[in-house]
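Residue numbers (our numbering), protein chains in the order written: chain D, 145 to 608; chain G, 42 to 645.
In case anyone wonders, no lab produced these hints; they're calculated from the structure. A couple of the hints might just be wrong.
Taking lysine to any residue pairs in the SDA-like style, the calculated list, with each CA pair at most 20 angstroms apart, reads [to be verified]:
{"id": "1", "chain 1": "D", "residue 1": "Lys463", "chain 2": "D", "residue 2": "Asp449"}
{"id": "2", "chain 1": "G", "residue 1": "Lys187", "chain 2": "G", "residue 2": "Lys146"}
{"id": "3", "chain 1": "G", "residue 1": "Lys608", "chain 2": "D", "residue 2": "Pro215"}
{"id": "4", "chain 1": "D", "residue 1": "Lys264", "chain 2": "G", "residue 2": "Arg604"}
{"id": "5", "chain 1": "G", "residue 1": "Lys520", "chain 2": "G", "residue 2": "Trp502"}
{"id": "6", "chain 1": "G", "residue 1": "Lys575", "chain 2": "D", "residue 2": "Asn563"}
{"id": "7", "chain 1": "G", "residue 1": "Lys514", "chain 2": "G", "residue 2": "Asp498"}
{"id": "8", "chain 1": "G", "residue 1": "Lys128", "chain 2": "D", "residue 2": "Thr330"}
{"id": "9", "chain 1": "G", "residue 1": "Lys575", "chain 2": "D", "residue 2": "Gly568"}
{"id": "10", "chain 1": "G", "residue 1": "Lys459", "chain 2": "G", "residue 2": "Lys575"}
{"id": "11", "chain 1": "G", "residue 1": "Lys329", "chain 2": "D", "residue 2": "Gly568"}
{"id": "12", "chain 1": "D", "residue 1": "Lys566", "chain 2": "D", "residue 2": "Thr194"}
{"id": "13", "chain 1": "G", "residue 1": "Lys329", "chain 2": "D", "residue 2": "Ile328"}
{"id": "14", "chain 1": "D", "residue 1": "Lys178", "chain 2": "D", "residue 2": "Ser204"}
{"id": "15", "chain 1": "D", "residue 1": "Lys549", "chain 2": "G", "residue 2": "Leu579"}
{"id": "16", "chain 1": "G", "residue 1": "Lys365", "chain 2": "G", "residue 2": "Tyr285"}
{"id": "17", "chain 1": "G", "residue 1": "Lys329", "chain 2": "D", "residue 2": "Ala316"}
{"id": "18", "chain 1": "G", "residue 1": "Lys365", "chain 2": "G", "residue 2": "Lys459"}
{"id": "19", "chain 1": "G", "residue 1": "Lys575", "chain 2": "D", "residue 2": "Ala567"}
{"id": "20", "chain 1": "G", "residue 1": "Lys128", "chain 2": "D", "residue 2": "Pro361"}
{"id": "21", "chain 1": "D", "residue 1": "Lys508", "chain 2": "D", "residue 2": "Gln494"}
{"id": "22", "chain 1": "G", "residue 1": "Lys128", "chain 2": "D", "residue 2": "Ala316"}
{"id": "23", "chain 1": "D", "residue 1": "Lys566", "chain 2": "D", "residue 2": "Glu335"}
{"id": "24", "chain 1": "G", "residue 1": "Lys322", "chain 2": "D", "residue 2": "Phe327"}
Given next are the chains, with one letter for each unit.
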Amino acid sequence: MYELNDTIAAVSSPAGSHRVILRLSGRQAIRTAKDIFTGQVDFQNAGVYTGHFFIDQQLSIKGKLYLFLSPASYTGEDLVEIHIYSNPAVTETLLSNILNNEVRLAGPGEFTARAYLNGKMDLAQAEAVNEIIFSSNQLQLDAAEKLLAGKLTQSTKEIKTEILDCLGNLEAGLDFSTEDIEFITTAQAVEILTSLKEKAENILQGSISCQTVIDMPSVGAAGTVNAGKSSLTNILLGCERSIVSKNPKTTRDVLEGLLELDHSKCVFFDCAGLIENPQGIIDQLTQQAAVEALRHAIVVLFCVDISKPDWNEDINLLKLIDSGDIIFVAAKADLLDNKKLCAKLNQLRQFFGHSFLPVSSKTKQGLKELLTTIDSHLISKTPDKYPAFSEPVTSSIALTARHKKSVAQAIENLTDAINQLKAGNDEIATMMLRSVYQNFSRIEQQDIDEKILSNIFSNFCIGK
Amino acid sequence: MDKKKFDCIVIGGGHAGVEAAHAAAKMGAKTALLTISKSTIAVMSCNPAVGGLAKGQIAREIDALGGVMGLATDAAGIQFKMLNRSKGPAVHAPRAQTDRHRYQKWIENYLTQMENLTIIEAEATDILAEDSKVVAVKDKQGNVYKTPTVIVTTGTFMKGQMYIGDHWWDGGRIDEQASSNLSDSLARLGLEVERLATGTPPRLYAETINYDGLEKQLGDANPEPFSFMNDKIEIEQVPCWITYTNEKIHQLLVDNMHRAPISLGAIKGTKPRYCPSIEAKMLAYPDKTRHRIFLEPEEREIKIIYANGLFTSVPKDVQDQMLKLMPGTENVKIQRYGYGIEYDYCPPHQLRPWLETRKISGLFLAGQVNATSGYEEAAGQGIIAGINAVLKLQNKEPFVLGRNQAYIGVMIDDLLTKNIDEPYRMFTSRAEYRLHLRADNADRRLTELSREVGLVDDKRWQRYQNKIKGIEKLKTTAKQIRIDGQTIWDQLRRPDSDISQKLADIDEVKALALDRFQIEAVAIDVKYEGYLKKQDRLVAGFKNLEKQKLPADIDYETVEHLRREAKQKLNIFKPATLGQASRVNGVTPADITVIRIHLKKYCS
């Protein structure tokens with residue numbers, strides 16, 4: 145089990161990455177940060193601060209301090225993130241510097257365990273985080289994130305409500321059989337349950353595995369800082385899709401999600417970190433990572449801020465993108481009136497030699513055209529993946545193996561309940577419906593089995 | 042020997058008091074039953090019936106524990122019916138219409154003849170305690186009875202106030218005085234006291250009812266006794282009749298709603314949702330054109346009819362008119378008008394799982410005073426309180442039934458963990474182990490447990506042993522004998538097989554010379570076998586939480602990371618186990634994890 149009263153610390157960025165994130169959570173997090181950070185920090189207010197961290201008595205290193213105050217943090221406690229660019233040796237020195245009597249190394253999954261215990265996320269979300277950490281391939285991220293968006297939870301909640309309703313009526317039939325009220329007939333109950341069973345079966349059939357996601361084509365949004373690609377990503381993928389947006393001020397580099405189009409699906413990501421003039425080794429590494437990510441993208445959305453006076457920075461950046469298939473997007477179109485917009489679009493075409501699609505995340509102007517464009521690009525690029533062009537893609541939910549098992553069990557129990565109802569054994573049918581309810585509840589927080597909880601949290605890698 | 046010194050004093054001679062006094066005396070404690078009048082011992086204040094849905098299961102449990110209720114019902118029953126017969130055996134529920142006078146008399150005689158039990162006609166006014174321990178009970182005349190244990194089973198009598206329309210008067214039951222001092226005494230001892238309300242229907246002179254055209258309801262052709270000690274019921278059964286309200290009556294009630302106490306706003310106590318008054322039904326179900334009313338005889342000779350379903354406290358003239366408009370009662374003479382009653386109770390979160398108050402050692406509460414409704418619920422608590430009062434005297438571990446052992450266990454656990462804001466009535470759906478908590482196996486669930494504490498006498502124990510042996514023999518036979526190529530056992534498991542009906546006619550079964558209950562027990566056991574396992578899995582994990590006891594002195598305010606709501610609720614309910622804590626309203630699984638961490642850290 146987990147201690148909750150002390151302060152924990154761990155490296156929470158992937159192993160081997162040069163961009164290092166060190167996290168501290170608990171009462172001593174802020175004091176510890178104060179001790180090693182040189183920059184000006186208002187420790188009463190959450191925010192990002194730039195300065196130097198003491199690695200040891202001689203060496204200090206430039207970096208950023210992210211300060212989150214309880215309860216508005218990932219864990220619900222005071223939380224500090226130290227972002228630096230360093231090598232493993234330096235990181236280790238810094239970490240050992242931080243660890244003392246009052247700060248200890250976090251156990252596997254302990255940050256998330258705290259978040260769960262402090263009511264910051266439900267079990268399904270915690271598990272989604274687990275998936276994120278575990279994914280050897282970054283692309284699994286979106287499957288997990290999809291879950292965070294609560295789509296599965298949403299579907300199961302609806303089914304659960306109907307189960308409860310039906311269960312209530314059947315129970316009333318058992319406990320109030322002396323009243324001259326017919327709460328529900330067997331035929332009605334059977335009909336309701338049969339349709340619920342179909343819904344559950346659809347969840348299973350419509351679900352996609354993480355492996356499928358890995359095989360999916362990816363589409364990246366690139367552009368300068370403030371080109372509007374983050375808002376665009378958010379609006380394309382639907383809100384509330386990432387840990388970032390759920391828990392304000394928690395940082396991540398690459399935002400990804402599953403984008404479902406009329407005829408195709410893809411993994412969509414927002415590629416930050418593309419910098420025009422990399423200075424020093426760190427910036428170069430960051431840029432390399434971004435370029436690498438874009439290279440794997442089948443289609444790239446190249447975003448520019450159409451309201452800018454010139455796009456010199458943008459055109460330099462475009463040279464870095466090594467992808468044959470680029471969709472040119474003029475973001476923030478809402479900032480200009482129609483006349484100006486036409487003029488600016490002309491300028492863009494002349495400057496870049498390509499036509500730009502004007503869009504606005506605010507007014508949603510041009511979004512539909514953009515989606516259609518992405519869809520047609522994907523179909524022409526990967527025809528083998530989409531043999532039946534005209535067949536619309538059904539809405540899908542990514543399921544973990546455990547979720548799949550829960551849904552499959554629910555279906556089995558529903559079948560049993562229906563058969564028992566037909567045989568007049570309402571008392572057995574109601575018990576099976578309780579099982580069904582529990583099956584679905586296991587996906588969320590309710591009726592949580594202690595074993596599952598321990599399993600999940602102990603499977604985490606350290607630092608999340 | 043001091044005539045005024047007892048091991049245990051039971052205050053109140055209702056259904057809880059009867060079982061408490063009987064259990065305590067039978068277990069060897071020198072017991073006194075204080076009642077205002079001997080002739081009101083075990084009076085059926087409300088409907089003249091025992092059992093019913095879920096309540097029938099409790100009645101069987103009381104009997105299995107060695108209580109009085111089942112024996113008295115078999116002796117005084119006038120119509121026996123197994124309810125829910127069309128559904129599975131887990132929800133079959135025995136119910137009996139009883140002759141209320143014979144029931145009362147039977148129990149009064151039974152208790153009068155008991156060893157160790159003294160019945161004292163006195164009104165208890167004060168419970169005396171020293172150092173938070175019970176020492177004595179004082180009555181209205183100033184007599185002081187010394188005792189280390191007291192069981193309060195005062196039902197609706199504590200500050201009872203009755204009402205019809207806007208007319209209010211003091212009383213614990215019609216024509217009986219209320220007890221006004223005792224709840225003050227409990228409050229002085231530090232217990233919280235609140236108000237609840239309930240109601241009764243009018244009682245009618247049977248000879249003035251026109252039964253022509255009324256639906257007649259008969260008892261079962263082959264009635265099943267309530268008590269394990271009886272093989273069969275050999276009486277001539279009397280019928281009940283069914284009539285219905287109609288839209289004219291509904292209009293009458295709606296027109297006079299402003300004169301009903303529920304509208305007058307005078308009632309402070311919360312009334313039950315489960316047997317709502319007919320006027321409350323007008324508000325709750327405005328679209329229903331009729332409500333069913335059972336006309337139930339109160340005695341074998343059918344002199345008085347209890348109009349079950351017509352709970353009301355509207356003014357007398359409205360009751361008169363209402364009955365004039367109802368088929369069968371057009372010219373009826375009313376023996377007693379329906380009335381409502383409001384009374385003091387003690388919110389049961391103040392109790393330990395063995396019904397002793399947390400505040401005062403040796404003080405037990407049972408029955409309606411704990412916010413329950415119904416004779417069976419009351420009696421079930423009575424027997425538990427009686428047993429535990431004696432175990433306390435003997436310095437033994439308390440007797441607590443789990444949710445997986447008995448409806449009584451479910452009830453007491455619910456009382457201790459739920460917000461009780463209306464009289465608590467048992468439903469089968471409250472029991473997560475419903476398939477196991479059946480009327481047919483109450484004896485097999487509880488007799489051995491009760492034998493251990495000394496409440497089951499040798500006669501019952503011998504009879505029980507015989508039943509078990511027969512069941513085991515039949516099970517062995519069922520696994521061996523094949524019919525049409527399949528064992529009896531396997532056929533019993535099949536939902537489509539009708540073998541259970543034919544079981545008694547199979548030669549090999551006949552040879553075992555078993556009674557119908559033994560045969561039925563095997564058929565039901567096998568039918569449910571697979572599902573009982575599923576049920577266990579469904580509630581698995583529950584048992585582990587149940588085993589983890591929580592320290593009594595834990596202050597949840599000091600448990601770090603516990604949500605505020607959970608802290609508050611847990612400090613009120615002070616659950617005895619982690620399992621109970623998990624059932625307290627507003628406590629989440631995450632809270633339970635936090636408590637576990639706290640326990641590991643500070644309490645191990």
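Against the structure, the hints:
Of the pairs offered as hints, the one joining D/Lys463 and D/Asp449 holds, with about 17 angstroms between alpha carbons and a cut-off of 20 angstroms not exceeded. In summary, the hint linking G/Lys187 to G/Lys146 is not supported, as the alpha carbons are separated by about 29 angstroms, beyond the 20 angstroms threshold. Distance check on the hinted pair: G/Lys608 and D/Pro215 sit about 18 angstroms apart at the alpha-carbon level, within 20 angstroms; holds. For the suggested pair D/Lys264 and G/Arg604, the alpha carbons sit about 12 angstroms apart, so the restraint of at most 20 angstroms is met.
A distance of roughly 27 angstroms separates the Cα atoms of G/Lys520 and G/Trp502; the hinted pair therefore is violated under the 20 angstroms criterion. Taking the CA atoms of G/Lys575 and D/Asn563, the gap is about 16 angstroms. The hint holds against a cut of 20 angstroms. At most 20 angstroms may separate the alpha-carbon atoms for a hinted pair to count; G/Lys514 and G/Asp498 exceed this at roughly 25 angstroms. Under the criterion of a C-alpha separation no larger than 20 angstroms, the hint pairing G/Lys128 with D/Thr330 is consistent with the structure, at around 12 angstroms.
As the CA atoms of G/Lys575 and D/Gly568 are separated by approximately 19 angstroms, the hinted pair is consistent with the 20 angstroms bound. Our distance criterion of 20 angstroms between C-alpha atoms is broken by G/Lys459 and G/Lys575, whose separation comes to about 26 angstroms. Restraint check for G/Lys329 and D/Gly568: the C-alpha separation of about 27 angstroms exceeds 20 angstroms, so the hint is violated. About 69 angstroms separates the Cα atoms of D/Lys566 and D/Thr194, which puts this hinted pair outside 20 angstroms; it is violated.
A hinted pair counts as satisfied when its Cα atoms are at most 20 angstroms apart, and G/Lys329 with D/Ile328 qualifies at roughly 16 angstroms. Straight-line distance between C-alpha atoms of D/Lys178 and D/Ser204 comes to about 14 angstroms, which keeps the hinted pair within the 20 angstroms bound. Taken as a hint, the D/Lys549 and G/Leu579 pair is honoured in the structure, with Cα atoms around 16 angstroms apart against an allowance of 20 angstroms. For the given pair, G/Lys365 sits about 12 angstroms from G/Tyr285 by alpha-carbon distance, which is consistent with the 20 angstroms threshold.
A hinted pair counts as satisfied when its Cα atoms are at most 20 angstroms apart, and G/Lys329 with D/Ala316 qualifies at roughly 17 angstroms. Among the hinted pairs, G/Lys365 with G/Lys459 is inconsistent with the structure: their alpha-carbon atoms are about 42 angstroms apart, more than 20 angstroms. Our distance criterion of 20 angstroms between C-alpha atoms is met by G/Lys575 and D/Ala567, whose separation comes to about 18 angstroms. For the given pair, G/Lys128 sits about 56 angstroms from D/Pro361 by alpha-carbon distance, which is inconsistent with the 20 angstroms threshold.
Distance hint between D/Lys508 and D/Gln494 is unfulfilled; the C-alpha atoms sit about 25 angstroms from each other, more than 20 angstroms. Of the pairs offered as hints, the one joining G/Lys128 and D/Ala316 holds, with about 13 angstroms between alpha carbons and a cut-off of 20 angstroms not exceeded. At most 20 angstroms may separate the alpha-carbon atoms for a hinted pair to count; D/Lys566 and D/Glu335 meet this at roughly 11 angstroms. Straight-line distance between C-alpha atoms of G/Lys322 and D/Phe327 comes to about 17 angstroms, which keeps the hinted pair within the 20 angstroms bound.
Figure legend: structure checked against the earlier numbered hints; hints not met, in rising order: 2, 5, 7, 10, 11, 12, 18, 20 and 21.
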